[in-house]
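K.L.:
The lines below spell out each chain.
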Amino acid sequence: MKRLSILAVFSALVLAGCVASPEPAEDDRLYQALGEREGIERIVEDMLIRVTDDVRIAHYFRGIPLGDLRDELADQFCELAGGPCEYTGRDMREAHEDLDLSRADFNALVEHLIAAMERHHVRVPDQNRLLAKLAPMERDMVD
Amino acid sequence: MPGKTYRGFLALILTLLSPWAIAQDGRILATGGVTQIEGSAGGGLVPWAVMAGYGAEGEQGGTVSLSHVSLADYRLSTVAANWSWNNRVEVSASRGQFNLGTLGIALEAPDAVLRMNTLGLKTRLGGDLIYGTLPQIAFGVQYKDLRDPTIPELVGAQRDSDVDAYLAVTRLFLGGAGGYNLLLNGTLRATRANELGYLGFGGDRNDDHELQLEASAAIFLNPRTAVGMEYRRKPNNLSFAEENDWADLFIAWFPNKDLALAAAWTRHGAIAGLENQDGFYLSLQASF
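Taken in order, these protein sequences are the chains called A and B.
Under my numbering, residue 143 is the last one in the first sequence; the count climbs by one each step, no gaps.
Under my numbering, residue 288 is the last one in the second sequence; the count climbs by one each step, no gaps.
Chain B on its own, in the form it takes in the complex (with noise of 0.2 Å):
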């Protein structure tokens, strides 16, 4: 076995050392997804176990990309930008903007608006999204963490930053849906993040990580084109308001390995007491 390790190592100094060899695209299109909310490789509102980009074995993949959510009362703003290597490990980083909007006003700070920032570790423990009999299992870290933390601690938030940690489990069946492929995804997340944490972490409710169970299945129509749906369960942790979860119908466009394009109708419930938050999501990934 050390020849085999010397030739990863060897190829792993090769991938970070030589610039032409960014584009790497060893796996087929659209499976690295896009890029979710909170920054990693999956659909829009769940990560997924697979890793961003199109990197395979011996080599390094990854993304950039700007996502917007418009909702009746509030509106939320991510840039990320992930990395992976090896199809094996993925990094991840995004800045969210979320702006209150309504709730803004009725706390007099119109302009209020509230940053987080996080980190993303995801590494793939085994399987793989189509060969071999097991599905792509994947786990990872979410750190985040509150730029602003007065109005979560208003509210009865513990803390202002926290760690989630996740279980992906990803496969597509090659013909699984009457001969179209068919990708299904399910995430257990530990968590106590009040909506997404842009609310803070933990509250007067719970102050405890909590299991979550999220969901995604889509179709692809062709190799370019995967219509789906999300659902994500969230902890309900203060009790000022309740928290929903959520959920989306998605329509995601690859038309190459350079871009992704997802749109989405979006449902979230009530959001620190304002009721039927549903919109539209919009993203633009580029890959390289």
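One chain only, chain A, in its complex shape (with noise of 0.2 Å):
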């Protein structure tokens, strides 16, 4: 019987997992959970100090006008986020070819992010939804 319980309520958190994985209808839920355009730019603004100030990933900005990377990635932030707003600038895969970015460097920004998004008094559901909209773009960033 025990071991019956455990299975089942080892079969009800997997099919929890599976029911509630997929992203609620497209709607901007998100966009105003994160504050909207103005509280996604001060996360993205937070993230990349914290990314200029790190020492494994810093190099890779170098160079970079960061107010309008700030505006770009935004702008790219608040579109995934069901925002009105619209990313215009390169496409992912185009404009970190050349970088020879690593696993790591893509975890590091991941890291930055959440520790923006904390800061920032996120909800913990709400980052997770960020984070999975901007999982998939590993495979166009990194090498």
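Check before you lean on any hint, since a few could be wrong.
[Unchecked claim] To give an idea of the chain A side of the interface with chain B (calculated C-beta under 8 Å), a few residues:
(1) G83
(2) R103
(3) V110
[Claimed, not checked] Now the stretches of chain B that chain A is said to cover, found in silico as 3 or more residues with beta-carbon under 8 Å:
(4) 100-109
(5) 136-145
[Said to hold, decoys possible] Simulated restraints on C-beta separations:
(6) V55/A <-> L261/B: 23 to 31 Å
(7) V79/B <-> H121/A: 37 to 45 Å
(8) A115/A <-> S239/B: 52 to 60 Å
Read the hints as simulated data drawn from the structure, not as lab findings.
This structure is a prediction, so every number in the text was calculated from the model and none was measured.
Positions of the beta carbon are idealized from the N, C-alpha and C atoms, including for glycine.
Put the two chains together into one complex, using the hints given.
P.N.:
Now the structure itself:
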């Protein structure tokens, strides 16, 4: 019996995972949760400050006008989050193909984004929703 | 491709030679899991497909850890170290000490302790914990060697050292549990170990490797804290006493990439004839 009930709980958890994982219908809930365009811009700026302070990846950002990059990324995150923005920057693959980025570099960026979202009190589920939108880009950015 | 091979080889040499390159942390917090009781990276009970430490491709990593399980009539303490390279290969070594407590008194050996050394080798076959479409898949072996086989032989074990082999599949679903990250792991192990091997390997009832399913599920409350459960089926080779499956409910805390703490309530059923071996598990891990 005990074995059965434990297996039942496992199955329930697995099912919960499968049922809960698809994104909710395209709407702007995530955009709202991130504090709209303004909130997103603050998060991106915080992330870029952390990134340029990290010896592992700061060199990739040398010589790039950070204000422009912030605006571009904020547009991109805003669009991904269902907000009324349009990312007009370069295609992800094209923009990163000469950089020779490693998965470790990509992960470092993710860590700084998480830290920035925590700093701006984004709820954990909303943090994860944005990360889930960004994770597929790993394939285009990492060599 | 020779350029790539050469670069990989150079990276390996540099990695092995440069002491200042030891703290490599190209993987995200908690993605090395903790150390399971046989020394491999995983949950507390089950080996996962993840590699120990935080080394990503081209990097290395590893951990040292201490674990203690306190049950009604037994205590199990293990010390383990593991090392991984390139997020591809993991080598582990652990030494465990199983204090017989009540059973020792019954056997007129009140200080009886069963010691076992385990050497583990695990390799990632493919996939990734987080990225891409495939979950992370790894194959591993654990060679276990009992230091003193007297008591295991007394209860009918056929040998004092043996090899377990396992295939583990692990995936972190971002936002997979109502917005919270969900980790699922399934491990299929071929084993004939009695009570992990502390009561030897094989027995009068069965002396062949059998496939046993092990599973883990965890939810991350935040990037640093996970709660979950594990379940591990076990063989039943000895007729002197029924062997039960093990399960636990755990909480793991990763304050940073240097440390991890795990605590669990564990349910071990009957061990060597003594019923209701519930208890607590505590583990402390340092990563490098």
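K.L.:
Which numbered hints does this structure break?
P.N.:
Violated hints: 1, 4 and 5; rest satisfied.
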